[in-house]
Amino acid sequence: MSEYLKVTNISKSFGKFQALKEASFSVNEGELVCILGPSGCGKTTLLRVIAGLEEQSSGQIIQKGVTISDLPPDQRDFGIVFQSYALFPNLTVKNNITFGLQSRKQDVSTMESRLNELLSLIGLESHKNKFPAQLSGGEQQRVALARALAPSPGLLLLDEPLSALDAKVRQFLRLEIKNLQKKLGVTTIMVTHDQEEALSMADRIILMNKGVIEQIGTPYELYSQPNTSFAADFIGKTNLIQASKISDSKVSMLGKEFECSVPVLQSQVTIAIRPEDIKITQNPNDVNTVQGKIIEIEFLGSYSIGQVEVSFNNQKEKLICHLPIDNNEVSNLTKDAQIYFSLSSNSLKIVT
Amino acid sequence: MRKSRDDYLTIFFIGIAALYILASLALPMYAILSKSIENKDGLFIGLTNYKYYFSNPSLFYSIYNSLFVSIITTVISVSLSFLFAYALTRSCMAAKPFFRSVAMIPILLPSLLAGIALIYLFGNQGVFKELLMGKSIYGPIGIVIAEVFYTFPHSLLIIITALSIADARLYEAAKVLRASPLRTFFTVTVPSAKYGIMSACFVVFTLVITDFGIPKVIGGQYNVLAIDVYKQVIGQQNFEMGAVVSVVLLVPALLAFIVDRIVQKKQVSILTARSVVYEPKPNKTFDTIMFAYCSLIALLILTVVGMCLYASLIKFWPYNLSLSLKNYQFDLMDGGGWDSYYNSIKMASYTALFGTIIVFTSAYFIEKARSFRGARTMMHLLSMMPMAIPGMVLGLAYIFFFNSLSNPLNFLYGSMAILVICTITHFYTVSHLTALTALKQIDNEFESVSSSLKQPFYKMFFSVTVPISLPAIFEIGIYFFVNAMTTVSAVVFIYGPKTTLASVAVLNMDDAGDIAPAAAMGMMIFYTNAAVRIAYVLITKKVLVRFQKWRYKT
Numbered sequence: 001m002s003e004y005l006k007v008t009n010i011s012k013s014f015g016k017f018q019a020l021k022e023a024s025f026s027v028n029e030g031e032l033v034c035i036l037g038p039s040g041c042g043k044t045t046l047l048r049v050i051a052g053l054e055e056q057s058s059g060q061i062i063q064k065g066v067t068i069s070d071l072p073p074d075q076r077d078f079g080i081v082f083q084s085y086a087l088f089p090n091l092t093v094k095n096n097i098t099f100g101l102q103s104r105k106q107d108v109s110t111m112e113s114r115l116n117e118l119l120s121l122i123g124l125e126s127h128k129n130k131f132p133a134q135l136s137g138g139e140q141q142r143v144a145l146a147r148a149l150a151p152s153p154g155l156l157l158l159d160e161p162l163s164a165l166d167a168k169v170r171q172f173l174r175l176e177i178k179n180l181q182k183k184l185g186v187t188t189i190m191v192t193h194d195q196e197e198a199l200s201m202a203d204r205i206i207l208m209n210k211g212v213i214e215q216i217g218t219p220y221e222l223y224s225q226p227n228t229s230f231a232a233d234f235i236g237k238t239n240l241i242q243a244s245k246i247s248d249s250k251v252s253m254l255g256k257e258f259e260c261s262v263p264v265l266q267s268q269v270t271i272a273i274r275p276e277d278i279k280i281t282q283n284p285n286d287v288n289t290v291q292g293k294i295i296e297i298e299f300l301g302s303y304s305i306g307q308v309e310v311s312f313n314n315q316k317e318k319l320i321c322h323l324p325i326d327n328n329e330v331s332n333l334t335k336d337a338q339i340y341f342s343l344s345s346n347s348l349k350i351v352t
Numbered sequence: 001m002r003k004s005r006d007d008y009l010t011i012f013f014i015g016i017a018a019l020y021i022l023a024s025l026a027l028p029m030y031a032i033l034s035k036s037i038e039n040k041d042g043l044f045i046g047l048t049n050y051k052y053y054f055s056n057p058s059l060f061y062s063i064y065n066s067l068f069v070s071i072i073t074t075v076i077s078v079s080l081s082f083l084f085a086y087a088l089t090r091s092c093m094a095a096k097p098f099f100r101s102v103a104m105i106p107i108l109l110p111s112l113l114a115g116i117a118l119i120y121l122f123g124n125q126g127v128f129k130e131l132l133m134g135k136s137i138y139g140p141i142g143i144v145i146a147e148v149f150y151t152f153p154h155s156l157l158i159i160i161t162a163l164s165i166a167d168a169r170l171y172e173a174a175k176v177l178r179a180s181p182l183r184t185f186f187t188v189t190v191p192s193a194k195y196g197i198m199s200a201c202f203v204v205f206t207l208v209i210t211d212f213g214i215p216k217v218i219g220g221q222y223n224v225l226a227i228d229v230y231k232q233v234i235g236q237q238n239f240e241m242g243a244v245v246s247v248v249l250l251v252p253a254l255l256a257f258i259v260d261r262i263v264q265k266k267q268v269s270i271l272t273a274r275s276v277v278y279e280p281k282p283n284k285t286f287d288t289i290m291f292a293y294c295s296l297i298a299l300l301i302l303t304v305v306g307m308c309l310y311a312s313l314i315k316f317w318p319y320n321l322s323l324s325l326k327n328y329q330f331d332l333m334d335g336g337g338w339d340s341y342y343n344s345i346k347m348a349s350y351t352a353l354f355g356t357i358i359v360f361t362s363a364y365f366i367e368k369a370r371s372f373r374g375a376r377t378m379m380h381l382l383s384m385m386p387m388a389i390p391g392m393v394l395g396l397a398y399i400f401f402f403n404s405l406s407n408p409l410n411f412l413y414g415s416m417a418i419l420v421i422c423t424i425t426h427f428y429t430v431s432h433l434t435a436l437t438a439l440k441q442i443d444n445e446f447e448s449v450s451s452s453l454k455q456p457f458y459k460m461f462f463s464v465t466v467p468i469s470l471p472a473i474f475e476i477g478i479y480f481f482v483n484a485m486t487t488v489s490a491v492v493f494i495y496g497p498k499t500t501l502a503s504v505a506v507l508n509m510d511d512a513g514d515i516a517p518a519a520a521m522g523m524m525i526f527y528t529n530a531a532v533r534i535a536y537v538l539i540t541k542k543v544l545v546r547f548q549k550w551r552y553k554t
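Chains as they are written, first to last, in this note's numbering: chain A, 1 to 352; chain B, 1 to 554.
In the BS3-like style, the derived pairs of lysine-lysine whose C-alpha atoms are separated by at most 30 Å in a straight line are:
#, chain 1, residue 1, chain 2, residue 2
1, A, Lys64, B, Lys454
2, A, Lys293, A, Lys237
3, A, Lys178, B, Lys454
Among the chain B residues that face chain A by a calculated CB cut under 7 Å, a handful are:
#, residue
4, Ser451
5, Pro467
6, Trp550
It should be emphasised that the hints constitute simulated quantities derived from the structure, not laboratory data.
As the structure is a computational prediction, the values presented were derived from the model and not from experiment.
Heads up, the beta-carbon is just placed ideally off N, CA and C, and yes, glycines get one too.
Please model the entire structure based on the sequences and the hints provided.
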């Protein structure tokens, strides 16, 4: 895989507010990378800097070996789809899609065939003479995508492309965009605040918080090996527990000793553990086992989410865990029940 | 970042617009300010002119009189228009479109015409002279009545806007909490329209204190500041003193403008996207009272217009009441004859055409350009300035600036072009705000999309921005046209022998005692404006709809 885009130390300030701090990453050819983060984390600013719609305060961007960070947007090679789609309301689907084709000295027949190719790609052949207001949200989204792809850009930028749609349409389009992207092989950067969207679509995720890139990795890496408490907490649900070091492989938390399969390097650490890694057990003497009281149960169909309160040394810590529904042995899982649960040594992650 | 072709074009256009504003607004205003601190030979004499002016006791009468009529008019005009707006937005009375149209009539007339109508109604030979019980219409009474007539629609439009943004949820809450209608009125209606009412007060106050046409026609011996400027310049050819009074006149107008801007900023924050539109429910008693009130106001407005129409059509008031078109033979009177009327049509058309182009393109760059933030903010502030400058002050400033022999633009003096430029500048701000409002509704990412598709911005501008904004563009054009037809205050100083205007002819004929022909010329302006308005409504209904198909779902 060859490197297509290289972003080095990009910073951006608006007055005193620093929206981006030294962001660096690279994107390989044909890859779909998601920039994920909560609102206000700088992800959209980063995308706009890549497009040239905002000027970076410092840093450099190289696309296919060419430094583009000094070029205005119309001299860069990209197509973009905005959250609002920004479809031209007074132009038909056809004229929207061909807007970027007209001055490229293409003759009418090439343009026509490109238009038909794109229309069939998004499955809207019969809508080409309609105006955007006459299309559904999902259809508008696909027209915006076709318009961005029409001049065959090397890089596709998507700014929250699905957030304006209903949940059902969104799920469907998620797959469709991903398939389309793989089919065309166009290198794509997508900005989203929806972790599920990022996990399901991205080849790699760039996780951002407060203008800083927290972690870069495949969806699986980010979920299973979060580096920071922010990463652990933002992607999926997680319990964050303060612990102190006993030895390289042991920590003390929740009033007990726990074995830990990753080396403990500092004296005080934060342990992240996923709710699904908390296992209910009948045997209080197992390693890494602790007792707690169920204080809340939330029924979710295939499983329940329980809040368990662990009391130790006059302190209380609340943990969330998954509770099985159909388990005869532990059918006593009700509110106020005292249970034992184990936190296996390899499910304990140390985060900063 | 390196500049793109679009950036260079943007710099070019902003530069042109900046030069235009410099020549049409900033430099003339500088000229008038510097004139006020010079003597007749053009030497700097500091504040001597001001000292001389302020040592003159008659000045304080003018200031007092100006404030007096402005405040009284503001109170009456805003109260009457509030009630009218309330009837239009909150009742279910019949004939709302009719009342609304009638209330807008004064905008289509030169303000002087109201004064002329009052002379016919209450003057020495007036129809209803007895109603004044011996008091004279020439003076503050006449000024106030005529100014109320003239300012009514301006105030009404602002208050209608303020009242129609009412949030129905607040009224439902008041009802659920069992508040009485009166309490609801004072705790919900008034507070939410508060900023609109204040804004209307400032607009009316500024219009009155800077207006000189009405006091000129019906003021008699009652002096106001605006008349002082006119007398100093036209009467005594004392330009330095004219400049001094202008600067004095600028102060209240500027103050009102600044306060209004601050108030307007607050107005925005009370609007939310979630508000539910208030729909009035029928209430027989209330609707009847409102209908009666609106009928009365409509009757008064129609009386004023009807009186002018009648006066323009009779042979010799009040002795020979047979109908004739004698008064429309303008070529037999002072004031420039029919040529004035044709000049006005020409001037209004040019103003509408070039004004709309200049305002809309400048507003586009101010709102949508990607960079040059500082220059754009500066341009916006300058575009807001004309609203604070009384027309007379602007006209006088144009004399000082363009009549100077050292000015390379001197050739414009006395031409049609200077009238057009002056009128565009005079009515710039409202048009600018209309354009800005329309442009703000357009997605800001259009420019980004266009440049990502490697298309020049002007392609986007002509194929998307302009078609989408057509309703606003037409609105601006009409606004320019109607105001160019009726305006007197700025152009009265700068028209030339070959560029006499209809609105100025009304003034001059009235001055020469030809009141009936003055009324006739005023009515010509009214017919023209009414025809243009009606044509506009028909065009928007029939033609624009065809171009706006994309707005509708099916």
